[in-house]
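So the sequences go chain by chain: A and B.
Residues in the first sequence are numbered from 1 upward in steps of one, following my numbering.
Residues in the second sequence are numbered from 253 upward in steps of one, following my numbering.
Any given hint might turn out to be false.
Here are the computed lysine-lysine pairs in the DSSO-like style, where the Cα-Cα straight-line distance is at most 30 Å [said to hold, decoys possible]: (1) Lys413(B) <-> Lys132(A); (2) Lys347(B) <-> Lys132(A); (3) Lys413(B) <-> Lys347(B); (4) Lys349(B) <-> Lys132(A); (5) Lys349(B) <-> Lys413(B).
These are computed hints drawn from the structure, not numbers from a lab.
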Amino acid sequence: MITQPALAGYALQLGDDALVMAQRLGEWVSRAPELEEDVALANIALDLLGQARALLAYAGEMEGHGRTEDDLAYFRDEREFTNLQIAELACGDFGEAIARQLAFSGYQFELYQRLQDSRDETLAAVAAKAVKEVAYHRDHATQWTLRLGDGTEESHRRMQAGLTRVWPYTDEMFRTDPLGQALAADGRAVDAAELRPAWAEYVTAVLREATLTWPETAAAPGGGRQGLHTEQLGHLLAEMQYLARCHPGARW
Amino acid sequence: MTTRITDIRTVVGQVPDPEIPVLTIADLGILRDVQVGADGCIEVTVTPTYSGCPAMDTIDRDIADACARHGWPKVTVHRALSPAWTTDWITDEGKRKLMEFGIAPPAPRRAPGGRPVPVSLSVPCTQCGSPDTREISRFGSTACKALYVCNCCLEPFDYFKAL
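Given the sequences, and given the hints that come with them, work out the whole structure.
Structure, rendered in structure tokens:
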């Protein structure tokens with residue numbers, strides 16, 4: 001039986017992925033290798049923030065305790081966040097940023113593409129909107145992966161190093177989660193495990209064309225969906241939540 | 253005084269987009285519906301261009317202000333995500349205004365009646381019309397635009413990317 005708390009939990013997972021990733025990408029503004037890239041990464045962050053707002057607002061509504069999107073974003077502690085760990089990793093260099101973008105936008109693309117057929121009207125609407133935006137994010141990451149991988153010796157080395165750094169965290173994206181699985185059985189969510197083959201096929205083709213190698217790394221322990229995080233999430237939340245907690249009720 | 257729904261639709265439809273003020277929200281295709289409720293409250297439904305479009309709150313306020321100026325103070329603006337907005341909903345008039353404003357209009361995503369979409373080989377320059385242009389960045393000054401430059405007249409310009 002589908003319960004509203006299950007839907008709230010699922011929307012929170014996807015919303016937290018988008019929110020944390022948006023916050024990380026925002027850190028690139030003024031630090032990207034060129035001005036256009038500052039703008040591009042900020043644009044991608046903005047799309048993700050929009051998706052996060054819709055998902056967190058829906059999670060709050062399904063939860064039924066009157067929490068708003070802002071309450072959920074600013075007044076939950078680290079252990080209450082259910083994002084995938086790949087989203088919270090510190091920025092690293094531009095090679096790492098692009099490696100993460102390739103992995104994460106590729107995951108979101110496969111997810112939203114399937115979720116737009118959800119029987120849940122809100123999730124379907126958010127996904128149908130988001131999949132078009134994420135297609136641009138994935139293309140952006142793909143173009144950079146090709147440019148860096150098949151570029152100079154140094155750009156190739158750093159892109160490959162970025163992949164090696166990020167890859168242990170990709171396994172978690174495709175682990176079946178009890179919430180997602182239960183809702184998927186009812187046609188309302190997508191079982192994350194289903195996304196892996198299509199994702200791997202796309203990424204493999206990009207890496208091959210970019211003359212890069214699929215990193216043979218062991219999977220990180222994961223646990224983001226259960227609220228277990230790397231030390232890096234706490235720092236991110238401290239910055240993101242500082243103003244709202246110092247000045248409760250502030251509007252901006 | 254009786255207010256005809258067509259008048260209200262016209263007033264709401266003429267609200268300019270805050271980021272591309274040459275376009276009205278009707279030109280942009282984000283105005284979904286205008287109704288008058290039993291209590292006389294105007295119910296407007298709009299859809300965002302992008303999930304994170306920062307102009308949405310301003311658009312809500314501008315709609316309420318426009319109605320208030322015409323003596324209709326009770327307005328509620330609803331957001332609808334589905335069906336997702338597409339650049340195909342920008343009217344022909346809207347595309348003409350974009351071009352005039354210096355933003356290349358989006359290529360069609362779906363031809364009416366399911367006919368094949370004519371493939372555009374390039375985005376023509378909004379200054380000199382040359383087809384010899386190149387993309388500088390897929391992401392521009394707002395979420396809905398990409399940055400281009402003309403190889404012929406060397407002027408940079410925005411392209412409203414197809415979504």
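These are the hints, each one checked on the structure:
no. : hint                    : verdict
1   : Lys413(B) <-> Lys132(A) : holds (11 Å)
2   : Lys347(B) <-> Lys132(A) : holds (21 Å)
3   : Lys413(B) <-> Lys347(B) : holds (12 Å)
4   : Lys349(B) <-> Lys132(A) : holds (25 Å)
5   : Lys349(B) <-> Lys413(B) : holds (15 Å)
Going down the numbered hints, you'll see the structure goes against none, and every one checks out.
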